[in-house]
Amino acid sequence: MAEKYISRSSAIAARMLGGEMMVMSAVDSTFFTLNEVASAIWQAADGRTPLSEIVAAKICQEFDVDRERAQRGADRFVDELSQHGILLVSGQPVEETDSSLSPESR
Amino acid sequence: MSLLAEMNQKALNLGLPISVHLDITYRCNERCVHCYLDHDDHGEMTTAEIVDVLEQLADAGVFFLSLSGGEVLMRRDFFEIVERARKLLFNVKVKTNGVMIHEKEAVRLRQLGVEQVQISVYSHRPEVHDAITKLPGSLKRTIRAIRFLKSQGLKVAIANVLMAGNLSDQPGVIALAKELGVSYTLDPTITPKMDGDTSILALRIPGADLKQVFHNQELVGNVEEFCAPPPAPAEDVMDSFACSAGHTFCYISPYGDVFPCVQFPLPSGNVRRQKFLDIWNHSAQLKEVRSIRARDLPTCSTCAHVGTCTRCPGLAYMEGNMRGPSTADCEKSFQRTGIPSANMLKRTRAGSAGPLIQIQSLANSVQNDAFSAEENLVTA
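These protein sequence lines are chains A and B, in that order. Just so we're aligned: the first sequence equals residues 1 to 106 in the working numbering. Just so we're aligned: the second sequence equals residues 107 to 486 in the working numbering.
Same shape as in the complex, but just chain B (with noise of 0.2 Å):
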């Protein structure tokens, strides 16, 4: 184990928040086609009130700390904000476009001592970066950005947000990254809209191409062993839990409301109206979520998947149990193995309009029993 994850285990031990995302703005210069936020400002937090939960957060305990938006430099205080953090000796990530940020703001954030800075590159190619954005120019306006940071010495990680517009831009967009001495992340995830709109999931890859994604070496690493079959689980798997979101983890939106992640929009209190160590140790919303383990899944306990998938309880909160299934990860986990997960069995079979054991005629049929309609079942 290393120590950072270590320290992940210790602060899990002692109910401790180690990483905290923080939007501290919603409000954006472009208008991506897959974002899930509304853009306008409906209240944001102010400096000071900012300032009152980085301290908060600092005593907490906090070291990780995600400033996020919207665009983080669409607030003019930004600086302010990350020169209070750093004060306050988090270690920050800084997640933008870039749009906004010229030599001068390169030098403030390498002064501030910035551990990282993460920028959005959807393609290489400017026409289908730009058509995504929805702002003209961007894509120079962003790579121009990247080169100011590394010029400053900056880490800095493009994150590739993979759709069907945009997949077959991937390699180029890590050549690119090759080329500006970056690190590359990609992301096939596309969520829900905050206000529960499901639109946007239109833009998802479609699951053969999601196939090829993940038996990409360049992308995945060792493929027979990132694609592999689950192994039969662990004995203590039903004891685990899905991710670190309200367990060592949350986030907290630029009007003040604390969620277990930015993915999990279960409102489980507001920093303007509460003390958020108060929201940490006592919300109901982050007892509940903290509370449940594998074998509480009704679906995904019974899946040949509980001990490997991906499974992310915000998405299946967004589908309407947090206790669900995330279909966008059994799709993951199918596309990944070849294997089906429980909830895709379920859903199929539920779906099928005929009974299970089908006749047909010989003359239309190749196989007509009880296998073949189980055949069906799995690779539907």
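Next comes chain A alone, as it looks inside the complex (with noise of 0.2 Å):
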């Protein structure tokens, strides 16, 4: 299976709160809450980082679940939060951009 790389899109808001990240759509406004693996996720999604990796990685490490369990939920994870432009999936890593104008997740 072809390899995803993630990164957050700009046109979002999203803010921590108590242990939950709050992201909404600047888009189509649209607003999800994150649970605690899905904000690790959204954490590690800087755009170098393969998918996998984020999940062998962080998921399956953090939260202690098997491998295919955690790859199965951040692909739907994924597909939903991209389908709404929150996240941005590629093929390839994305390039480093100027960090001084990324979105900085608090």
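Keep in mind the hints are simulated off the structure, nothing from the lab. Any given hint might turn out to be false.
[Said to hold, decoys possible] Among chain A residues calculated to face chain B with C-beta under 8 Å, some are:
(1) G18
(2) M21
(3) S29
(4) F31
(5) V37
Positions of the beta carbon are idealized from the N, C-alpha and C atoms, including for glycine.
Two chains, each in its own frame: build the complex with the hints.
Here it is as structure tokens:
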């Protein structure tokens, strides 16, 4: 299966609230809250780390979940958020951008 | 409960400010007759100070940020502020009169991912709108701005402040909003000036006209439901508080002063001297606001409307007591339902010169018993 690289769109609003990430699309105002696992994927979405590596290194280790289940969940999560333009998905690593122009996640 | 309401509840439970209204200037290119602000610059926060505040707000957990004024575009660094706010991933709403928005500004707002632009429109007729703003040509420029913003795909809302002088034009503003493809909100609230001057309250819609507004299906939806008499208060009503002011929301002035709300001028700290979170967590004033529950309101806790009233604690504060009634909201509850508030009954009794039971000569009286006296109190 082709590798996926995910990055956060700049056309969003986002904030961590009590362990959950709130994310709203600036394009269609859809609003999501991400649980701890989804928030971990979100935080790791740097456009350069393959999704499979995020799942293996972050999700499986930090949340004690088997690889296959974690990958299925991560794929569903990425599909849904990418449909709303909240996550950007690429088959190639995204070139590093000027960090002064990147959104700051807090 | 919607996801957004759940997040608001979570912020409330955690004691976090999820929403902040930041006025970046009080300067304005209009001079609206009902405006509560002093438009001189008494030392606004610099760009660096505002950026520092934004970073503190982001760290404090603020998600919704309203940038307003004055007229926000009177600041040359307006777009720098919005850019910084968006980089910090706030959901940004901008309130403006639109007069200074051309295509270039509309493009920039779209590029920055602003959630919504709210624009004040007082009438669809230039002679009425411009007389309120005291800026000739302002309606034309405002409508042009709305078209530019819409052409960029931005969400635009027309905010229609209703006063006695423009009430009859309200259907025209709704039609204008429809024509422009933007949403419409109305606000019949005129507040005293921030220095306490109440002269502009004379612009408020008279009670009988307010009743018409509340009984307009196009504005309120289900009139029967909206104007229904208040139900008996539920058990938990006495534990409730008025609104989000000071609980999950606060207001910051261009001078760094922090208040519970833009309509609640209770000084609670200043971000030029204190960290925002220190003010939010430790201000004695905010703690006092948060402590107030319906049961603590001497008059309102006895009122039939206690569970449904839109009582504004800030307007009550401006009337002299944050635990007191807000007479503007008493009037709204009364005009909506026909049932007077406890405050109205109390004031009528206090204001009546004669005894409760009056004896009149038969020739001048239709009814002269205690019930007629009470009836008069109710409908006064």
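Exercise. Should the interface hint for M21 (chain A) be scored as holding, given a Cβ-Cβ cut-off of 8 Å against chain B?
Worked result: Given a least distance of 10 Å, the restraint on M21 (chain A) is violated.
Exercise. Hint check: is the beta carbon of V37 (chain A) less than 8 Å from a beta carbon of chain B?
Worked result: Violated - the Cβ of V37 (chain A) stays beyond 8 Å from chain B, reaching only about 18 Å at its closest.
Exercise. Should the hint that F31 (chain A) touches chain B count as held when the rule is a Cβ pair under 8 Å?
Worked result: holds, 6 Å
Problem set entry | Cut-off 8 Å, beta-carbon criterion: hint that G18 (chain A) touches chain B | Constraint on G18 (chain A) satisfied, holds at 5 Å.
Problem set entry | Interface hint for S29 (chain A), Cβ within 8 Å of any Cβ on chain B | holds, 7 Å
In this structure, the earlier hints numbered 2, 5 are contradicted, and the remaining ones agree with it.
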